[in-house]
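Listed below, chain by chain, are the residues.
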Amino acid sequence: MITLDNVHKHFGPKRVLQGVNLTIPRGESMVIIGGSGTGKSVALKSVLGLITPDQGLITVDGKDASKGDRDKFLARFGMLFQGGALFDSLTVWQNVAFRLLRGSLKRPKAEAREIAIEKLRRVGLTPDVADLFPSELSGGMQKRVGLARAIAAEPEIIFFDEPTTGLDPIMSGVINDLIREIVVEMGATAMTITHDMTSVRAIADKVAMLHDGVIKWTGPVADMDQSGDPYLDQFIHGRAEGPIEAVR
Amino acid sequence: MSLTAPIAAIGRQTLAFMALIGRAAIFASQGLSHIVRPPFYGREFLVALLQIGWLSLPVVGLTAFFTGGALALQIYDGGARFSAEAVVPQIVAIGMVRELGPVLVGLMIAARVTSSIAAEIATMKVTEQIDALVTLSTHPMKYLTAPRVLAALIVVPLLVGIGDIIGIFGGFVVGTGQLGFNAATYIKNTADFLQFTDILSSLAKGCVFGGIAAMMGCYFGMNSGRGAQGVGQATKGSVQAAAVLILAANFLLTSLFFSS
Ligand SMILES: Nc1ncnc2c1ncn2[C@@H]1O[C@H](COP(=O)(O)OP(=O)(O)OP(=O)(O)O)[C@@H](O)[C@H]1O
Ligand SMILES: [Mg+2]
Chain A
0 MITLDNVHKH FGPKRVLQGV NLTIPRGESM VIIGGSGTGK SVALKSVLGL
50 ITPDQGLITV DGKDASKGDR DKFLARFGML FQGGALFDSL TVWQNVAFRL
100 LRGSLKRPKA EAREIAIEKL RRVGLTPDVA DLFPSELSGG MQKRVGLARA
150 IAAEPEIIFF DEPTTGLDPI MSGVINDLIR EIVVEMGATA MTITHDMTSV
200 RAIADKVAML HDGVIKWTGP VADMDQSGDP YLDQFIHGRA EGPIEAVR
Chain B
0 MSLTAPIAAI GRQTLAFMAL IGRAAIFASQ GLSHIVRPPF YGREFLVALL
50 QIGWLSLPVV GLTAFFTGGA LALQIYDGGA RFSAEAVVPQ IVAIGMVREL
100 GPVLVGLMIA ARVTSSIAAE IATMKVTEQI DALVTLSTHP MKYLTAPRVL
150 AALIVVPLLV GIGDIIGIFG GFVVGTGQLG FNAATYIKNT ADFLQFTDIL
200 SSLAKGCVFG GIAAMMGCYF GMNSGRGAQG VGQATKGSVQ AAAVLILAAN
250 FLLTSLFFSS
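Quick mapping for you: the protein sequence lines, in order, are chains A and B. Just so it is clear: in the first sequence, position 209 is 208 by numbering that gives the first Met the number 0, and no numbers are missing. Just so it is clear: in the second sequence, position 165 is 164 by numbering that gives the first Met the number 0, and no numbers are missing.
Read the hints as simulated data drawn from the structure, not as lab findings. Check the hints yourself; a few may be wrong.
What the hints assert, rightly or not - Selected chain A positions facing chain B (Cβ under 10 Å, derived; list incomplete): (1) T51; (2) G67; (3) D70; (4) K71; (5) A74; (6) F76; (7) L85; (8) G102; (9) G145; (10) V183; (11) M185.
What the hints assert, rightly or not - Per label pair, the in silico range of CB-to-CB distance: (12) A:M185 / B:R22: 41 to 49 Å; (13) B:G224 / A:D127: 32 to 40 Å; (14) B:L251 / A:T22: 39 to 47 Å; (15) A:S134 / B:A24: 30 to 38 Å; (16) A:S134 / B:F257: 18 to 26 Å; (17) B:M17 / A:P24: 48 to 56 Å; (18) A:R200 / B:L31: 36 to 44 Å; (19) A:R69 / B:D191: 37 to 45 Å; (20) A:D127 / B:A24: 33 to 41 Å; (21) A:R69 / B:P57: 37 to 45 Å; (22) A:S134 / B:I6: 19 to 27 Å; (23) A:A221 / B:G231: 30 to 38 Å; (24) A:D63 / B:A24: 46 to 54 Å.
Source: prediction; values computed, not measured. Glycine included, each C-beta is placed from N, C-alpha and C at the ideal position.
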């Protein structure tokens with residue numbers, strides 16, 4: 000279980016998170032929605048300790064995430080970055096198998112490669128991309144390689160920052176199914192950021208909407224349509240008119 | 000206000016530079032501590048050896064050769080003013096080995112290696128690759144800094160040694176080809192004159208300069224700002240800091256070795 004308790008973060012004069020409270024129960028899929036630039040990525044990175052919050056407490060399974068053995072903590076996580084963040088000095092399969100080629104999870108090279116190719120297949124990529132470099136792939140392909148890397152070591156907790164952005168509708172469907180499968184079959188806890196309402200409905204157990212630095216609404220995905228919350232309604236129907244300003 | 004403004008600006012710059020040295024020193028001690036603690040990344044180390052050492056050979060060789068040649072011409076011409084043309088081999092040897100070899104190689108490494116390390120790591124930072132490393136349970140200092148610094152500590156002294164030899168050879172080519180020195184005498188004079196401390200100081204300087212060059216590249220890369228501008232600033236800052244620190248360290252090491 001992951002909890003964020005009154006988390007604040009600002010950059011210079013810009014107050015991004017202003018008291019975020021959120022609970023993600025173990026084995027559930029939480030989807031975070033919210034306007035561009037509201038701090039969704041910042042919230043995710045705060046849990047991982049890549050960004051240090053100014054204030055507030057983040058716990059994972061009841062323990063303060065900022066304390067204790069970092070390596071052990073991070074070994075439980077997989078993260079897909081919004082921009083992919085592939086290592087451009089390594090080939091695709093070496094990116095995917097990064098964790099399996101070094102450190103505590105190290106395996107023989109041939110085995111690591113086999114796992115990498117299997118993970119690539121699961122994100123809809125053929126084995127012939129394995130030996131290419133990230134710069135030789137299209138944006139959507141890079142995203143999927145990032146996804147394969149995030150799930151390669153079968154983590155218990157997976158964060159996906161916009162997994163389907165830049166993908167065609169069919170490939171988005173494949174990725175949505177994959178995320179659902181990871182949560183249901185592997186029992187992983189997932190936290191996904193997306194702007195794609197089809198994805199939200201396909202992968203979420205619960206939805207949280209971030210706006211103005213706080214969680215404006217959170218609840219089961221089934222309640223999303225009858226929430227009666229004007230912010231959420233405006234967002235899910237993509238209306239230009241409403242309480243959320245178009246210029247932010 | 001307008002009169003003191005330039006002085007205040009100089010003061011600010013100096014303070015900023017001192018603060019930089021302090022932060023870089025902390026960074027360096029962390030970087031060095033990661034060299035001796037596992038896990039070790041052999042592949043990254045070998046790549047760094049190749050990048051810093053082998054691929055720097057042409058530029059180091061050319062720099063040293065031309066400098067050695069020019070030095071021979073200068074000393075011959077200058078020495079002639081008090082009939083001391085004959086000291087060309089000795090002065091070329093001592094000038095190359097004690098000063099020019101290490102300093103020129105150090106500056107060339109700052110230009111070639113520091114800049115590329117800084118740009119590479121800064122780009123990784125800007126594109127979140129450093130964050131990705133962390134989430135993949137890999138310590139960026141260990142994976143990026145330690146192999147590069149270790150490689151530089153080992154390979155730059157070797158480059159300096161090679162630069163010294165090529166520089167002396169440059170002097171030899173000019174001395175025997177143009178200035179009428181006898182080849183055998185030139186070599187004998189050089190060999191007889193050089194002392195063990197000269198060579199030791201040369202290699203020690205190489206080691207320190209290599210460490211500074213790699214460390215500055217990593218430090219500025221890791222602390223890069225955002226976007227393409229951040230990468231540019233990091234690269235510029237790293238080369239500037241490495242060059243100044245190399246020259247300052249050269250002065251300190253020279254006084255340490257030879258002032259007594
Ligand atoms: N390292 C940083 N330094 C300064 N400002 C930052 C940093 N990271 C994020 N920000 C700012 O924080 C705000 C929130 O950024 P964040 O990336 O979390 O947005 P987001 O909700 O993920 O948006 P999007 O949906 O467009 O990805 C932005 O205004 C951004 O400019
Ligand atoms: Mg984002």
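Here is what the structure says about each hint:
no.: 1; hint: T51; verdict: violated (13 Å)
no.: 2; hint: G67; verdict: violated (14 Å)
no.: 3; hint: D70; verdict: holds (5 Å)
no.: 4; hint: K71; verdict: holds (9 Å)
no.: 5; hint: A74; verdict: holds (5 Å)
no.: 6; hint: F76; verdict: holds (6 Å)
no.: 7; hint: L85; verdict: holds (8 Å)
no.: 8; hint: G102; verdict: holds (6 Å)
no.: 9; hint: G145; verdict: holds (8 Å)
no.: 10; hint: V183; verdict: violated (23 Å)
no.: 11; hint: M185; verdict: violated (18 Å)
no.: 12; hint: A:M185 / B:R22: 41 to 49 Å; verdict: holds (43 Å)
no.: 13; hint: B:G224 / A:D127: 32 to 40 Å; verdict: holds (38 Å)
no.: 14; hint: B:L251 / A:T22: 39 to 47 Å; verdict: violated (58 Å)
no.: 15; hint: A:S134 / B:A24: 30 to 38 Å; verdict: holds (36 Å)
no.: 16; hint: A:S134 / B:F257: 18 to 26 Å; verdict: violated (50 Å)
no.: 17; hint: B:M17 / A:P24: 48 to 56 Å; verdict: holds (51 Å)
no.: 18; hint: A:R200 / B:L31: 36 to 44 Å; verdict: violated (53 Å)
no.: 19; hint: A:R69 / B:D191: 37 to 45 Å; verdict: violated (59 Å)
no.: 20; hint: A:D127 / B:A24: 33 to 41 Å; verdict: violated (49 Å)
no.: 21; hint: A:R69 / B:P57: 37 to 45 Å; verdict: holds (42 Å)
no.: 22; hint: A:S134 / B:I6: 19 to 27 Å; verdict: violated (49 Å)
no.: 23; hint: A:A221 / B:G231: 30 to 38 Å; verdict: violated (51 Å)
no.: 24; hint: A:D63 / B:A24: 46 to 54 Å; verdict: violated (31 Å)
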